[in-house]
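Number of protein chains: 2
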Amino acid sequence: MRILQLHANYMEYQPIKKEIEKAEAVRTERVKVTEVVVVFTSIEEADDRDTATKAADELAISFENLRARRILIYPYSHLSTSLAAPDAALQVLKELASQLENKGYEVHRGPFGWTKSFTISVKGHPLAEQAKTISGIGSTDENVLELESKPRSSFHILNPNGDTTNLDK
Amino acid sequence: MRILQLHANYMEYQPIKKEIEKAEAVRTERVKVTEVVVVFTSIEEADDRDTATKAADELAISFENLRARRILIYPYSHLSTSLAAPDAALQVLKELASQLENKGYEVHRGPFGWTKSFTISVKGHPLAEQAKTISGIGSTDENVLELESKPRSSFHILNPNGDTTNLDK
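Residue numbers (our numbering), protein chains in the order written: chain S, 1 to 169; chain W, 170 to 338.
None of these hints come from the bench; they were simulated from the model. Note that CB positions come from ideal geometry on N, CA and C, so glycine has one too. Where hints are given, some of them may not hold.
Mimicking DSSO-like on lysine-lysine, the simulated pairs with C-alpha atoms at most 27 Å apart in a straight line are [as the list claims (entries may be wrong)]: (1) K301/W to K22/S; (2) K223/W to K123/S; (3) K132/S to K191/W; (4) K292/W to K18/S; (5) K191/W to K94/S; (6) K186/W to K123/S; (7) K54/S to K186/W; (8) K123/S to K292/W; (9) K22/S to K272/W; (10) K123/S to K54/S; (11) K272/W to K132/S; (12) K123/S to K272/W; (13) K301/W to K17/S.
Only part of the chain S face toward chain W is listed, based on derived beta-carbon distances under 7 Å [claimed, not checked]: (14) I16; (15) K18; (16) I20; (17) H78; (18) S82; (19) T115; (20) G124; (21) P126.
Here chain S stands alone, though its shape is the one from the complex (with noise of 0.2 Å):
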């Protein structure tokens, strides 16, 4: 998942076209939300529950630091090159707009799958535009996909009958 997180005084966007076929059910009516969070997002391929997750945990570290109560979670296809499919990046987005509420926060989502318009009035603070990398393979997948790509040696001697024996055992 990659995220670039803008400090908002506000954001407006409206939906005009359908990009995919997929897109949400959504009216075409602009909307604005002030003093806000705006959250790009682009759901990669391996992204599933558990980035959702990592990011909500990460992002409200961010928001904290912030003070910030209000986001907006816009998708954003922009930031990645390896997209997930969009059935999987909807189900994620929803996740972390999800799990963003149970952590007590105002969370808006965009429309996905819709080429929209938007404006956005960015603050000018030091901390007001950050971008962030979530992977979703935690450090135990790591070794485990580590372990099984890495070539491993075993010595055999060639008997003159054909056999072998092994050197390692």
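Dock chain W against the given chain S, drawing on the hints supplied.
Frame of chain S; chain W shown alone:
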């Protein structure tokens, strides 16, 4: 080089505070550019003059499609995790601006090294938002690197006297 290219009704920005010591000397006044393609740009470690040339060529194709003549190059560190050093980054940004000017565009450039507030109003058509990755390494260089890093086998017979006979010759 990583680029997020937004076709905008307008963009307005104001330098607030120096982010780095080597920030450009600028007046901290508010700047507004209308009917503009904003090129949010992260200059990466390997980027050089050639990368700027490739970027200018690729951007120009896109600007022609958008029938855009007014460009704002806006330094943006949040699109990459392997950023160039500030001096090098600024040089590549200036080179990119200069090359686009030579192609006949009206080029504005946001100040480098500043925390800025900004407001952008992005158009709602399907090509309004585009991400680009421009690599500075040409295909020839890539082939050289590939050859250098590829392990090559050679076969030898170890003779009883300690000499070796190369089987490839």
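Discussion item. Does K191/W sit within 27 Å of K132/S, going by the straight-line distance between their CA atoms?
Written reply: Status holds; Cα separation ~25 Å.
Practice prompt. Starting from K123/S, check that the Cα of K54/S is at most 27 Å away, please.
Written response: Given that 27 Å is the threshold and the Cα spacing comes to 26 Å, the pair holds.
Worksheet item: Taking 27 Å as the top limit, are the C-alpha atoms of K301/W and K17/S close enough?
Response: With Cα atoms ~23 Å apart, K301/W and K17/S stay inside 27 Å; holds.
Worksheet entry | Residue hint G124/S, partner chain W, criterion CB-CB below 7 Å | 3 Å, holds
Practice prompt. Let me know if the C-beta of T115/S comes in closer than 7 Å to any C-beta of chain W, holds or violated.
Written response: 5 Å, holds
Fill in: Pair hint outcome, K186/W versus K123/S [Cα-Cα no greater than 27 Å]
12 Å, holds
Worksheet item: Does the alpha-carbon distance linking K123/S and K292/W stay inside the 27 Å limit?
Response: At roughly 21 Å apart (the allowed maximum being 27 Å), K292/W and K123/S satisfy the hint.
Worksheet item: Does K132/S lie within 27 Å of K272/W when you go C-alpha to C-alpha?
Response: Roughly 35 Å between the alpha carbons, so the hint for K272/W and K132/S is violated.
Worksheet item: Is the hinted pair K54/S and K186/W satisfied, with a Cα-Cα distance of at most 27 Å?
Response: 32 Å, violated
Worksheet item: Going straight from one Cα to the other, do K123/S and K272/W come out at no more than 27 Å?
Response: 34 Å, violated
Practice prompt. Take a quick look at whether K292/W and K18/S sit within 27 Å of each other, Cα to Cα.
Written response: 15 Å, holds
Worksheet item: Under the criterion of a CB-CB separation shorter than 7 Å, is S82/S in contact with chain W as hinted?
Response: 12 Å, violated
Of the numbered hints given earlier, the model fails hints 2, 5, 7, 9, 11, 12, 15, 16 and 18; all others are met.
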